[in-house]
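K.L.:
Using the sequences provided together with the hints, build the complete structure.
Protein chains in written order, with our numbering: chain L, 1 to 277; chain E, 1 to 342.
It is worth saying that the hints were derived from the structure and are not from the lab.
Treat the hints with caution; some may be incorrect.
As a list, the in silico PhoX-like pairs of lysine-lysine whose alpha-carbon atoms are at most 25 angstroms apart [as the list claims (entries may be wrong)]:
hint	chain 1	residue 1	chain 2	residue 2
1	E	K47	L	K37
2	L	K11	E	K73
3	E	K289	L	K26
4	E	K177	L	K11
5	E	K8	E	K132
6	E	K254	L	K76
7	L	K76	E	K278
8	L	K36	E	K73
9	E	K119	E	K82
10	L	K11	E	K82
11	E	K73	L	K77
12	L	K11	E	K254
13	E	K177	E	K8
14	E	K18	L	K37
15	E	K73	E	K119
16	L	K260	E	K218
17	E	K73	L	K26
18	E	K254	L	K77
19	E	K289	L	K217
20	L	K77	L	K153
21	L	K260	E	K278
22	L	K76	E	K73
23	E	K278	L	K217
24	L	K77	E	K278
25	E	K278	L	K230
Beyond 12 angstroms from chain E on every Cβ pair, some chain L residues (computed) [as the list claims (entries may be wrong)]:
hint	residue
26	G35
27	P105
28	P213
Where is the CB? At the ideal position from N, CA and C, for every residue including glycine.
Here are the chains, one letter per residue:
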Amino acid sequence: MNNVAETLIPKIGVITDVRIDTPDIKTFRVVTRDGKKAFDHRPGQCAMLSVPGVGEAMFSITSSPTNEEYMEFSIKKCGCVTEWLHQAEVGQEITIRGPYGNPFPVDDVFAGKNMLFIAGGVGLAPLRSVINYCRHYRDRYGSIDIVYGSRSKDDLLDYKEIIDEWATDSGVNVHLTIDNAQEGWDGHVGFVPNYVKELGFSTDKTAVLCGPPIMIKFTLEGLCAMGFDKTQIYTTLELRMKCGVGKCGRCNVGSKYVCKDGPVFRCDELDELPDEY
Amino acid sequence: MRKCSLDKLDLVFAEIAKNAELYLPVDGSDGGAVYQKWTEGTKRSEKLNTVKSPKDFFFPQTEDLMAFKTEGKSIDVIDTRKAAEDFVVFGVRACDVKAFDVLDRVFMVEPQDSYYTTKREHGVIIALACNKPSETCFCKTFGIDPKEPMGDISAWETDSEIFFKANNEKGEALLSKLSGLLADCADDAADAQKEKIDAIMDKLPLKGLTTEGFGGGKTEELFNRPEWAELSESCLGCGTCTFVCPTCQCYDIKDFNTGNGVLRYRCWDSCMYSDFTKMAHGNNRLTQKERFRQRFMHKLVYYPENNDGLFSCVGCGRCLAKCPISMNIAKVMKKMGGKASE
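P.N.:
In structure tokens form, the structure reads like this:
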């Protein structure tokens, strides 16, 4: 009996590094006990992490599949499981299962395209995987623009990586913004959707959005006003999940299950779903 | 087809119970029928159907998934799955048998749910035709015929005899073990009984209820209809309909601290509950209207869209009998789609 595969039974993951990104976001590095990646994944896919006795929750895998040593998860403290993880130390074991969901179409649809990534707050977590994938296979993609905003400069996720690595890549333009003016910040101030409008991107790009629902809504409207078609815009959704494989019913919206049919959706596909995600 | 007289049925049960656990509906202490393990002297219920559906046999109300041992920073996962034992369920009605098809398309598609699948493989279903369909029955609306129940073995009962027909190898294997107790008979031996069932079906109040207006591709048409507000207005969100429903399959996964480790189990959950979709950062179904709509849209539109038109309702009528405010899927269907004939 025990040799029958069962997706609900997780593997053990070991937290080997905890990076404090912002006051409420930490990035956890996870490997198996023998120091390997728990499984391979594609950019945009997710994993179920759990702390036995506390709970299990779905997180996007923020590291790129091109990282062959470990997986990373950028996790915002906002519920039981995340609060517990935030007090965890290096060496702590957790459980991990996955990968779940549909990835971004990085190898077909995105190939050869000029890419525009737009993220707000912890919404950068799922995009970091695809951004670093595109940077790794730089010659497969055209120009890369990254618009990223958060409440304050202290809330910008992976700030050092963005400045030291992303912004110095050739053909990669990074546009940062924070909601309100702040001492020590001489960059752009204002909300992401407005900044996107000010920047005014040409419609030869494929856009990928992730952030709070309100940011996605207004950014999507802004892009469409600029002449983008919804078939050029991708986003990734988040709903409550338990099983991760389309059976427990929790993330069902219309005829789709966000855990297996998403979390990545093209924005015209979202129009076909009832408005409750 | 094979048969025996009803007064020999206990001998048949005894023979089955020699090799496998046998379950059948008996009258429970509160008056409703419940599935119970057969032992010598167990009296079979004469009620039309059980209060809870037989989905419990494959998808129990609560079920251990695994256990964990934690020590310091270390965690061990313990696979608590056991080898399933063969079992037989007697007396499952046509509607509930069809409901297993609905659940199979959830739990047995990749990645297969091993908990459900192993139980399904080890269970033999003896389905029994309904001699007295009731006024809450509307299985025919979903193309189910109460006089032709499927399952591994179909059975028909008259005042004096019971007839069996195997529908697959599993059923044939069981019937062959009973050969000493059963006599061969003509395939049309139960036809007179079937005609009686048809005559009752013809008089049922929900006979004209149709699926017209529902099915895959109807989301846009139905989702924003104003009727949802009125239909859901008095819904208490108690979830009774989902718990008695033979096709509802939503579940929760919970951890229980045993004091000596952690037990991870799953249990039935309900899309009618306010915290079903509630996450740390919000809830995408804030009102009972949205939750109510989700249940019926899933059964009548979303599920058929993903499953070749198969509806996730079998017309068993349990929700009609049990809803404390008398709201149910038949009323939703009448209001939103096809009409029941007068």
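K.L.:
If a hint holds in the structure, say so; if it does not, say that too.
P.N.:
Hint check:
| no. | hint | result |
| --- | --- | --- |
| 1 | E/K47 x L/K37 | 56 angstroms, violated |
| 2 | L/K11 x E/K73 | 15 angstroms, holds |
| 3 | E/K289 x L/K26 | 38 angstroms, violated |
| 4 | E/K177 x L/K11 | 44 angstroms, violated |
| 5 | E/K8 x E/K132 | 22 angstroms, holds |
| 6 | E/K254 x L/K76 | 22 angstroms, holds |
| 7 | L/K76 x E/K278 | 17 angstroms, holds |
| 8 | L/K36 x E/K73 | 18 angstroms, holds |
| 9 | E/K119 x E/K82 | 10 angstroms, holds |
| 10 | L/K11 x E/K82 | 19 angstroms, holds |
| 11 | E/K73 x L/K77 | 20 angstroms, holds |
| 12 | L/K11 x E/K254 | 17 angstroms, holds |
| 13 | E/K177 x E/K8 | 15 angstroms, holds |
| 14 | E/K18 x L/K37 | 50 angstroms, violated |
| 15 | E/K73 x E/K119 | 35 angstroms, violated |
| 16 | L/K260 x E/K218 | 22 angstroms, holds |
| 17 | E/K73 x L/K26 | 19 angstroms, holds |
| 18 | E/K254 x L/K77 | 20 angstroms, holds |
| 19 | E/K289 x L/K217 | 24 angstroms, holds |
| 20 | L/K77 x L/K153 | 18 angstroms, holds |
| 21 | L/K260 x E/K278 | 19 angstroms, holds |
| 22 | L/K76 x E/K73 | 22 angstroms, holds |
| 23 | E/K278 x L/K217 | 21 angstroms, holds |
| 24 | L/K77 x E/K278 | 16 angstroms, holds |
| 25 | E/K278 x L/K230 | 29 angstroms, violated |
| 26 | G35 | 15 angstroms, holds |
| 27 | P105 | 21 angstroms, holds |
| 28 | P213 | 8 angstroms, violated |
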